[in-house]
Amino acid sequence: MKDGTPVGRRVVLGMLGLGALGVAFGSKAATTEANLLRPLQSGGGVLSQLIPGGSSWRYYSIVSSNPTPTVSDYQLKISGLAHKPMTFTYAQLAAMPQTTLVRDFQCVTGWRVPSVPWTGVLLRDLLDQVGVDSSATALHLTSLDGAYTESLTLEQAHRSDILVALTMYGKTVPVAHGGPVRLLVAPMYGYKSLKWLGGIDLVTHVEPGFWEQNGYDVDAWVGRSNGRTDAPIA
Amino acid sequence: MPRSRDLVRFTRAERWVHTATAALMGICIVTALILYVGPIAVAVGRRATVEQIHVIAGLALPVPLILGYLSRSVREDVRRLSRFIPGDSAWLRSRNRRTAGLPVDKFNAGQKLNASFTTGAILVMWLTGIVMRFANSFSVTWRTGATFVHDWLFYAILVVVIGHIYMASKDREARRGMRHGVVDEDWARREHPAWAETAPQA
Numbered sequence: 052m053k054d055g056t057p058v059g060r061r062v063v064l065g066m067l068g069l070g071a072l073g074v075a076f077g078s079k080a081a082t083t084e085a086n087l088l089r090p091l092q093s094g095g096g097v098l099s100q101l102i103p104g105g106s107s108w109r110y111y112s113i114v115s116s117n118p119t120p121t122v123s124d125y126q127l128k129i130s131g132l133a134h135k136p137m138t139f140t141y142a143q144l145a146a147m148p149q150t151t152l153v154r155d156f157q158c159v160t161g162w163r164v165p166s167v168p169w170t171g172v173l174l175r176d177l178l179d180q181v182g183v184d185s186s187a188t189a190l191h192l193t194s195l196d197g198a199y200t201e202s203l204t205l206e207q208a209h210r211s212d213i214l215v216a217l218t219m220y221g222k223t224v225p226v227a228h229g230g231p232v233r234l235l236v237a238p239m240y241g242y243k244s245l246k247w248l249g250g251i252d253l254v255t256h257v258e259p260g261f262w263e264q265n266g267y268d269v270d271a272w273v274g275r276s277n278g279r280t281d282a283p284i285a
Numbered sequence: 004m005p006r007s008r009d010l011v012r013f014t015r016a017e018r019w020v021h022t023a024t025a026a027l028m029g030i031c032i033v034t035a036l037i038l039y040v041g042p043i044a045v046a047v048g049r050r051a052t053v054e055q056i057h058v059i060a061g062l063a064l065p066v067p068l069i070l071g072y073l074s075r076s077v078r079e080d081v082r083r084l085s086r087f088i089p090g091d092s093a094w095l096r097s098r099n100r101r102t103a104g105l106p107v108d109k110f111n112a113g114q115k116l117n118a119s120f121t122t123g124a125i126l127v128m129w130l131t132g133i134v135m136r137f138a139n140s141f142s143v144t145w146r147t148g149a150t151f152v153h154d155w156l157f158y159a160i161l162v163v164v165i166g167h168i169y170m171a172s173k174d175r176e177a178r179r180g181m182r183h184g185v186v187d188e189d190w191a192r193r194e195h196p197a198w199a200e201t202a203p204q205a
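Chains F and D supply the protein sequences, listed in that same order.
Counting from 1 along the first sequence, just add 51 to a position and that's the residue number in the numbering used here.
Counting from 1 along the second sequence, just add 3 to a position and that's the residue number in the numbering used here.
Same shape as in the complex, but just chain F (with noise of 0.2 Å):
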């Protein structure tokens, strides 16, 4: 057997290394990298999803395969502790006077999309609408397939960051972002911005739901909450 120079064991030692810096100032090149490719992206198409470290969405999902709903037969179903439980359909919300927010959107695993302009009608003015019973103190809300939950306090929804959203981007939300309503909770982690809104129950006390069942935070503050210190959103 010839001997050799060890390139092998020079070749993996180094990548370890490497690797190790990338651990240590990943953090710092990531935020460097979103900064510079900001400007870039707006919308986010799939190319700048494909850029690690970039501010674009990501689409996850607790389900194999999500609701599809249209325009024309969504519905919106206000239950429980309020005076006039109704169902809303997507044109009776597009009625309603609209609320526009620009916000960065914050996922608790990393990922932020810089000001993203979504308009709605804000969640208090839906409560309005059906009138809260006193005894109600905080709201229970359901995907149409019932599979995602999440919950709010009354005093959160009364938040003015806090929309039942029909666009984005100037557009129907679209189906593969929870679409063509969902719920945008602004100043906390995505998973409290419920997707393919279905229905608001208002109850007597907070219900965790899906992700806070699985070790997540139930009021999910950015940059105060899961353990993180993302900047909050404004």
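Where hints are given, some of them may not hold.
Simulated crosslink set (EDC-like; lysine to aspartate or glutamate; CA at most 16 Å straight-line) [said to hold, decoys possible]:
{"id": "1", "chain 1": "F", "residue 1": "K135", "chain 2": "F", "residue 2": "D176"}
{"id": "2", "chain 1": "F", "residue 1": "K79", "chain 2": "D", "residue 2": "D154"}
{"id": "3", "chain 1": "F", "residue 1": "K135", "chain 2": "F", "residue 2": "D252"}
{"id": "4", "chain 1": "D", "residue 1": "K109", "chain 2": "F", "residue 2": "D54"}
{"id": "5", "chain 1": "D", "residue 1": "K173", "chain 2": "D", "residue 2": "E54"}
{"id": "6", "chain 1": "F", "residue 1": "K128", "chain 2": "F", "residue 2": "D179"}
Below, a sample of chain D positions facing chain F; criterion: calculated Cβ distance under 7 Å [said to hold, decoys possible]:
{"id": "7", "residue": "G48"}
{"id": "8", "residue": "R49"}
{"id": "9", "residue": "S85"}
{"id": "10", "residue": "I88"}
{"id": "11", "residue": "T122"}
{"id": "12", "residue": "G123"}
{"id": "13", "residue": "T144"}
{"id": "14", "residue": "T147"}
{"id": "15", "residue": "V152"}
Honestly, the hints are just simulated from the structure, not real lab data.
The beta carbon of each residue, even a glycine, is placed where N, CA and C say it ideally should be.
Position chain D against the provided structure of chain F, taking the given hints into account.
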């Protein structure tokens, strides 16, 4: 005109290590694409299941090579692959490697580099993958850093794997060597002349 003889290139052990590693790598890559490429993610869904498969395949990735170490022929090939002998650097620099007359042994310099890069890559993906999988045991900085390395190294691996498969697609006898363990002596004299001198006949 009699066919030239066959030489034994790879024993069952080497072929098993290669097949098992390739299969696990393939599963990792496919699941990674499902998890990361938007349109595919939307079409497939089942995120929790896909992630689970990815993690299991990833954890298992170094196992075939580690088990392979029980085999002497695997250990010998690893030794060959990890050392550069005189002629290897020249091989990398030469434009026409086939007729350069260099004493290419069982593995040429390109194959050696592929093997060490892949070994290093599997190690780094494994370690960063552990950080990502057991994220709660690590600080956010480490988690983000590990994800950053894991994501970018994936691209490098993709390029190398595609290149590896491309090279294999161009060489039927090389593929035969990996599938059946034997290669034609004439092929060996052309591609690996120094090895052909002493390789065992089938």
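Evaluation of the provided hints:
1. K135(F) <-> D176(F): Answer holds: K135(F) to D176(F) is near 14 Å, not above 16 Å.
2. K79(F) <-> D154(D): holds, 15 Å
3. K135(F) <-> D252(F): Satisfied, since the Cα-Cα distance of roughly 12 Å is no more than 16 Å.
4. K109(D) <-> D54(F): With Cα atoms ~14 Å apart, K109(D) and D54(F) stay inside 16 Å; holds.
5. K173(D) <-> E54(D): violated, 34 Å
6. K128(F) <-> D179(F): OK: K128(F) and D179(F) at ~15 Å, within 16 Å.
7. G48: Result: holds, 5 Å to nearest chain F Cβ.
8. R49: Status holds, d = 5 Å.
9. S85: holds, 3 Å
10. I88: holds, 4 Å
11. T122: Holds. Min distance 5 Å.
12. G123: This hint holds: G123(D) lies near chain F, its Cβ roughly 3 Å from the closest one there, short of 7 Å.
13. T144: This hint holds: T144(D) lies near chain F, its Cβ roughly 5 Å from the closest one there, short of 7 Å.
14. T147: holds, 4 Å
15. V152: holds, 4 Å
Of the numbered hints stated above, the single one contradicted by the structure is hint 5.
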